[in-house]
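Chemist: In case you want the letters, here they are:
2 protein chains.
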Amino acid sequence: MTGDKLVYLFEEGNAEMKDMLGGKGANLAEMTRIGLPVPPGFIISTETCNLYYQRGEQLLQELKQEIQKSLSSIENKLGKKFGDVNNPLLLSVRSGSAVSMPGMMDTVLNLGLNDETIKGLEEASQDKRFTLDCYRRFIQMFGDVVLKVNHSFFEKALQNKKEAYGANDDTELTAEALGELVEDYKSIISEQAEMSFPQDPMEQLTAAIRAVFDSWNNHRAVVYRRIHKIPDSLGTAINIQAMVFGNLGNDCATGVAFTRNPATGEANLYGEFLVNAQGEDVVAGIRNPLSISQLEELMPENYRAFNDICQRLEEHYKDIQDIEFTIERRNLFILQTRAGKRTSRASVKCAVDFVKEGIISREEAIMRIEPGQVDKLLHRQIDPEAKLNIICKGLPASPGAASGQVVFDADDAEKMDGQGNEVILVRPETTPDDIHGIVAAQGVLTSRGGMTSHAAVVARGMGKPCVSGCEKLSIDLEREIFVVNGTTYAKGDTISLDGATGNVITGEVPLIAPELSEEFQKILEWSDEIRALKIRANADTPEDAAKAREFGAEGIGLCRTEHMFMAQERLPVVQSMILTETEVERQLDLDKLLPMQQEDFSGIFRAMEGLPVTIRLLDPPLHEFLPVVEELIEEITRLKVGGGDSKEINEKEGLLRKVKALSESNPMLGHRGCRLGIVYPEIYKMQVKAIIKAAAELAKEGIEVIPEIMIPLVGHATELLVMRELVEETVKEILAQEKVEIDYRVGSMIELPRACVVADQIAGHADFYSFGTNDLTQTTLGYSRDDAEGKFLHHYLAKKIIPDNPFMTIDREGVGSLIKLAVEKGKAQKPDLKMGICGEHGGDPDSIIFCHEVNLNYVSCSPFRVPIARLAAAQAKLGKKAGGYGD
Amino acid sequence: MTGDKLVYLFEEGNAEMKDMLGGKGANLAEMTRIGLPVPPGFIISTETCNLYYQRGEQLLQELKQEIQKSLSSIENKLGKKFGDVNNPLLLSVRSGSAVSMPGMMDTVLNLGLNDETIKGLEEASQDKRFTLDCYRRFIQMFGDVVLKVNHSFFEKALQNKKEAYGANDDTELTAEALGELVEDYKSIISEQAEMSFPQDPMEQLTAAIRAVFDSWNNHRAVVYRRIHKIPDSLGTAINIQAMVFGNLGNDCATGVAFTRNPATGEANLYGEFLVNAQGEDVVAGIRNPLSISQLEELMPENYRAFNDICQRLEEHYKDIQDIEFTIERRNLFILQTRAGKRTSRASVKCAVDFVKEGIISREEAIMRIEPGQVDKLLHRQIDPEAKLNIICKGLPASPGAASGQVVFDADDAEKMDGQGNEVILVRPETTPDDIHGIVAAQGVLTSRGGMTSHAAVVARGMGKPCVSGCEKLSIDLEREIFVVNGTTYAKGDTISLDGATGNVITGEVPLIAPELSEEFQKILEWSDEIRALKIRANADTPEDAAKAREFGAEGIGLCRTEHMFMAQERLPVVQSMILTETEVERQLDLDKLLPMQQEDFSGIFRAMEGLPVTIRLLDPPLHEFLPVVEELIEEITRLKVGGGDSKEINEKEGLLRKVKALSESNPMLGHRGCRLGIVYPEIYKMQVKAIIKAAAELAKEGIEVIPEIMIPLVGHATELLVMRELVEETVKEILAQEKVEIDYRVGSMIELPRACVVADQIAGHADFYSFGTNDLTQTTLGYSRDDAEGKFLHHYLAKKIIPDNPFMTIDREGVGSLIKLAVEKGKAQKPDLKMGICGEHGGDPDSIIFCHEVNLNYVSCSPFRVPIARLAAAQAKLGKKAGGYGD
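Protein sequences, first through last, are from chains A and B. With our numbering applied, the first sequence corresponds to residues 100 to 986, in that order. With our numbering applied, the second sequence corresponds to residues 100 to 986, in that order.
Isolated chain A, as found in the complex:
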C-alpha cells in the first residue's frame, strides 16, 4: 500500500512530469494535452519501478487495479476491448526513464494478440496476411524482449520459411507461410523459454511490465548509467499505448523526422518514411525509405498536417524534435517526440539560430551546448564519409585526427619531421625524454598508459591526437615493428589515429580541418558576457601562448619552466649544473642558462602583452634531467663484462653514483618544488632574474608585462616567506640595474593537503593562490598518477568504488573539500587574494562548475580547452550542476 498514484493516463500528465513519467511518457502526455493526434494510452510511473525493486521485484496489487482502470478508459475511447475476439485493442509497451537510455529494453508491439484475437484483427483489417504478420512479429518480439529467447532462433526459422517458399523478401511470404511461421515461433518459445507462449493478453501485459522493470538493471543499462553518471534510483516508467498501423495498405505510412538537419543544423524538415510499413521496418532498413520531402507528393494533406505539427512541437519544446509518426488509412498519428540527437556542429548552429528566431534566450542557448562535445570542433577530424580500415582501438586520450609514417623513437620522429615527413610516434609509453618526438609527430600512439598518462597529458596540451593504452599493440622497439592481431606494421608504414574515438587506422584518411564556426564564436561571445570565472591557459612557449590568446585566454595561469630545461641543446648545461660539486661551478652553468630562459620568457610576455603570465619556478626533482639508472647499469655491466676501458667504466660508475644519490623512492613526494629553491636558492634566483630581465626589456619597448611568479609545492608558510624574500631581493637588484619599474606578484601553488589546512598562514605571504589539482589529487587520495591507471584505477571505476577518474574530474568530496577549506581560510586572512586552478581539471567542465561554486577567480587549462572552459564557465554561472546527465 503506497497510497500514491501508480498509473497516469496521457491526459493526466504533462511535459513537466518527466521524473515521474519518464521522458517519453511526459512527452506523450504533453502532446495529448496540447491536442495533437496521439493514440490513447497510459504510463506506469518511475516510482512504481522503484517500489517494484523495494518489494523484492514484486508487482503491487494496486498496480493491477490501476492498469485495469486505465485500460477501460482507452477501450472506451476507441470502442475496442483488450483481448476481445471481435474488436481487440492492441498495445505497444515501451520503457522510458527520465533520461534517454539506449541500453534498455526495446519496444513490444501488437501486445494483446493471441490465437483468438487475431480473428478480430483480421475482421478489422480485412487482411489475413497482415494479421498473421502482426502476430508472428509480436511472438518474435515478445520472445526476444520479454522471454529472453535469442533472436537468432526466430531469424533462422524465418529464413527457413523463406527458403521453403522461395521468397526473397519477408513481404513475399504468403499468409499460409506466415501461419506456419506463427506455429514455428510458438515451438521455439516452448523449447527455449520452457513455457508455452502466453495466450492470456493480461498475462502478456504483466510479463512485459516485469520485463521492462527488470531491464532497468540489465548489464547494458547499468554500464550505460555508470558511464553517463545516471543515478540508479531514477527508475524507468512504462508507456502503454493503443497500436496504430502504418501497414494496413498504401494509404498507410510510418516514419521518423527531425525538425532540423541533425548533422548540420540547417532549418529543414529532415527524415524518412515508408509506405505500408511498421515503424521497425524504417529502422531495420529492409526497404529503402523515402525522404520526408516525398511525403508531400504522396500524401500532401498528411504532409501539411505533419509539417504543422513539427513546427508546433519545435516551438513548444523550443528545441529540435525527433518525431515518430504513423499514418493509418490517412489518419496521422504522432507516436513520439523527443529532443533530436545532433552533432556538435548542429547543436551549436541550432542554438544560435533559435536565439535569432526568438525561440530561446542566449542563456538557454549556452546551456544547450555540451562542453565535452564541442571539443572535437577544435581539432581536425576524420571525414565522417570516409571508409576506414580500423586496426584496433585504444583509449581516446587526446582529440583530433592525423595520418603519418610510423616511428618508434623520438629522435627519429624529429629527424623525419625535419625531412618534411609527417610521422606518428608509436611507443609503449612516453617519458619527458620523448617530448621533442611528440612535438615533431602528428600524433602519438601508446600501448600502455591511460587517459592521464604522460603521452595523453602532453598531447592534449599540444592539441595533438593521442591514442593511449592500446593493449592489443605488441611493440618491438629493437626490430622497429608493431604487431596487431597477427599483422605486422613496420617503421615507415602509414597509419592514422582518431584521438576522439581511439581508433587506429591503416593508411592515410581524409581529414576535415577544425572550424571555430561563426555560430560557435557567437556562443563563446555570449558566454564571455555571462561567466564570472576568468579563463587562462597553461602554456610554456610563445607559440602556445599565441594559440591560447587566439582561443580567448585572458592570461597564462601556468607556465612551466622545466620544459625549457629539457630542450636538447640545454640539457647538457642543466645536467652539468646538477652534477657539479661546488656552488661556484653551478653558478657558471646557471649563468649560461640565464639568457636562454630570458629569451623564453620574453617571447611569452610579448605574446601575452597586457595579460598576466604566471610562471612557476622549477618544480620537478633534479634527477628527472639525468640519465636513467637502469640504462647506466646496463652500460656499465656491458663495459665490465666486455673488458671495456677502465677509465670509461670509472667515469660511468661515478655518474651512476651521483644519479643514484639524487634518485628517490617516491620522486613525487621528494626533493622538488620549492624544496629545490630552498636548498639551491641559486637556481630559483637565476629564474627570477631571467623573468624580470625579460619583463624589463619589454617594458622599455612600451609593452605591458604582468609577471606573476609562482612558488610550487609550498606546505609551510615559512617556505613561501623565504622564497618571497629571495624573489623580492632579486627583483629589486635587477630593477635597479635596468632602471625600470615592473608590477609583479608572488604567489603560491596550493597542491598539498597541508597547504590547504594552513592556507590562512600561507596567505600572509601570497598575492595569489593557484590550486595544483593534479598533485593535490595525488597526495589527498594517495594515488600516484603514473601508477594508478595501469594498476587499480580501471578496476575501481569498473566496480564503482569511485565514481570518476579523479585525475579527469575533480574529487569533490575529498580534494574539493580541501580546496573549499583553503579558499575560506585564504579569504578570511586576505579577502582580495586571487585564486585559480591549473592542471588537467581546469579544462574539465564538471570541475569548472566546482571552481565557480567555490568562488575561484580563474581556471587555467591547455590552450585547446580554452573555448570549452569559456562555455563551461558561463554554464556554471547560469546554475548548471556538475555530473548533470544531460539529455
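Quick caveat, the hints were computed from the structure, so don't treat them as lab data. Please read these numbers as outputs of a predicted model, since none were measured by experiment. Treat each hint with caution, since some may be false.
[Stated by the list, open to error] In silico lysine-lysine, PhoX-like type, Cα no more than 25 Å apart, as pairs:
#1 A:691 x A:475
#2 B:571 x A:757
#3 A:751 x B:788
#4 B:926 x A:919
#5 A:621 x A:979
#6 B:180 x A:898
#7 B:440 x B:475
#8 A:924 x B:924
#9 A:831 x B:898
#10 A:757 x A:746
#11 A:919 x B:247
#12 A:440 x A:979
#13 B:898 x A:784
#14 A:898 x B:831
#15 A:571 x B:759
#16 A:571 x B:751
#17 B:247 x B:163
#18 A:980 x A:440
#19 B:919 x A:788
#20 A:757 x B:759
#21 B:180 x B:247
#22 A:919 x B:571
#23 A:976 x A:924
#24 A:784 x B:899
#25 A:571 x B:757
#26 A:788 x A:691
#27 B:751 x A:739
#28 B:571 x A:759
#29 B:621 x B:455
#30 A:739 x B:899
#31 A:751 x B:621
#32 B:759 x A:759
#33 A:792 x A:751
Let chain A serve as the given structure and place chain B on it in line with the hints.
Modeler: Just chain B now, kept in the frame of chain A:
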C-alpha cells in the same frame, strides 16, 4: 621610556619571578627572601634584554639610573663603595635566563677592580699577592668574556711568567710576578681588543652588561635554543652581586654540593670544595677538591650550617638542589641554588623518594620525569666508567648498546649468529630484504639514512641499538671492509655501538643490563592510575607481543602481516603467488601460506590472551616481495654479454618484464593497502581465514581472543564497505565450519588526507579507526620518508623552515588538524567509535600529548616505548603541554 621596572634588588624578587628575573636571579631573590646568607645584589630583568634588542642594541637611559640606585643599596648594606679606593665594592656579573642555557656567557668576577681600587682591596685583605691575583684574574675574564680576546693569549703570558719565575703552579707566582702579569694582560688587551683596559668601574659594568645581552644571540646560544626548542623571545636576565672571597686564607673555602647523589639519587649530601680558593678553581680542577663530607672535619660549624641550609632549600624547592657556596673568613655565603641535573636513574629514584618523604605528590613525581630520558633505562647501556675508543659518531637512531663482529650482509649475519657469534650489521642502508640480518644482529650501523630510515625504524621496533647516517664511514661491500679516517675495519673485527649517543667504538665494551627499577615500576603504576589513554604496542611476532605485555601494553595496536610474508622460507611461495598468471594458481600458493599465517596469529593471540589484537591486512605493494629491477638488469646484461644460456636469459627477461610491470614510479602512492584487497580479494580472504581459524582454535581451548581486523589505506567509504563485506562473509564461513563464536571488529586505518576529510562516511562501516600517522604525514606534507631525510629535511630543520622532524613529532598544524577533523567527523557519525594511533608517533611524548588532547582512546608504539608512553600519557592527563622546553 617604558615605565616598567628594569632592575630588582634580590629582596624585591622571589622564586615565582623566573620569567622576569631568570632562573638564577629568581633563586637568589628567593633565598634572600627566606633569610639565607646571600651576598647582596640585584637583577636586570629579561624584559630589559628584549628592550635592548628592540632599540637596536641600545641600553636604556633609565637602566643606568636604576642600576645606580641598586648599587647604592648594596653599598649601604656592606659599607663599601663601588670604585672606592679605600673600601671598594667588587661585583660578580652573570647571565641567567628563565631556562638554563650552558651555551651562554660565563661569569665575570671581581668587577670593579682597577689600578686604584686594588689598593683598597689590599688594605681590606691585608694580602698583596691575593689582591694582584684577583686583579689579573679579573682582567683575564673581562678580556675573554667581555672583550672577546682569545684566552690563549692570557694563558701564554701566564705560562711565560711561570717559566720566567721557575714556578710550577700558579700559586707559586709571587706578588711581583703577578704585578708584572697584570701589566702584560693589559698590553694584550690593548693589542687584541684595540682599546685600553677600562679603568672606570662603571664603564666596566656597562660593558659587561652589554656583553651578557649580546651573548643571548651568540651562535652557541642560538643553536642551543633551537635544539631545546627555547623561544628566542625569552631574553636573559643579569645577576649583579657583591663579591665574597673563598681565597682570603685557610679560614676560607668554596664549593658545590648536590642535596642528593645526582647519579644514583641516594639521599646524601654530594659535592666537593676547596680551601682557600675561588669558585672557578673547583671547576678548573687545578687542585684536587675534597669531598663535601670532609668539610665537617675542617669547618664543623660551617658544615652544619650548610647542611641545614641544604635541607631547607630542598624542602623549599621540593627538588634536588645544586648549591654553590663560599666561606669567607668563616662566614658562610650561598651564591646560587638550582635544580640539580641528574641521571635518569636518579631522577626516577628521587621523585619516588620525595613522594615517600611527603615532599611532593605522586602527580608531581610523574611530571618530574622526562619521558625522553628514561628511554635509556630500558636498554643495555655502556658502563659510564668505561674508557672508550670512539671511531666516529652517527645519528643516535635507536637506543641501547651492543658489541659484535662486523658483517656486511644480512645472510652472513644470520649465518654467524647461528654459529653462536654476536654480530653488528654494517650496511650503507638497509631494506626490507635485510630484516633477517637485523633480527640476527646485536645492532645496526649504516652510513646513510636518518632517524627514521628503515634501519632506524626496524631497530627501534626490535629494541636494538642502531647508529644511522654515519657519513664518515666509507663502506666497500665487495671487499667487505669499511674505512673511517684512514683506518680500515674488516669483516670479523669487533666494534661496539652506542645507539643513545651515536658513538661507534672499537673493540668490546662493558655493558650494563637494562633495569626496570622498583622506583620506575612505581612511577609507571602511578601513571597507569592517572592516564586516560590506553597504551598498546606494535608487534608482529609472539616474542614481541610477550615483550610488549611485560612492559605493560594493553593490547596490540598494529600487527603488520607483511613481515610474515618476508620470512625466508615463505618468500618463494609469496613470489610465486604474485607472479602467477591465473587466479587458480594463485589460490594454490595462498593455500600454502594460510597455515603459516594461522600459526603466526595463533602465537600472538596466545601471548595477548584477553587483550585486543589489531591485525592489519597486507599493506605494501606486491613488488616489494620481488627481486630488484636493477639487479635483474645487471644479471641479464652479464649473461648476454658473456654468452650465457639463452633459456636462462629468456627466463630472466620474462621475470624482469613481470617485475617491471608491477613496479611503480611512486610505490608509496601505488597499488598497496586495500587497493590490493580490492583487486586481489583472494589474498585478503586468506589472511582473514588465517586470523579467524587461529582465533577459533584458541577459543576452543578457552583462551579469550579479541581480534580486530584492520583495513589499510582506505580513502573512500566504498573501499571499507567492500572489504568489510569480504571479511564478514569469510568470518561467517569459517565460524560455521569451526562451530564457535568469536567477537571481532573491523576497522580502518586513517592514513590519507581524503580519509580524514570523509571520516564521517567511513565511520559508517568501521568499528574503530587507527591513525597511521607515518603515511598521513607523508601524504599531508608530500614528503617521502625514505627520501626526505637525506635530501632536504636536515636543511629545513637547520634553517628553521620547520620546527621538528614531522616523522618523529607529529606536525600539529598540518597532520594534527586533519586528525582533529577526522576525530570530530567520526565521532559525530558514531559517538562510540574507538580511535587510536599507530606508527612512530605513538611512542613520542609530544605526540602522545596531542593524542590525549584530541581524545583518542589509545596510542600504539613499539614494545620498548610502552613504558615511556605510559608515563607520557599520564603527564598529558596532568596537563603537560607539548614542546615544553623543560629545565
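Chemist: Which numbered conditions among the earlier hints are violated in the structure presented, ordered from lowest to highest?
Modeler: 1, 3, 6, 11, 19, 21, 22, 30, 31, 33
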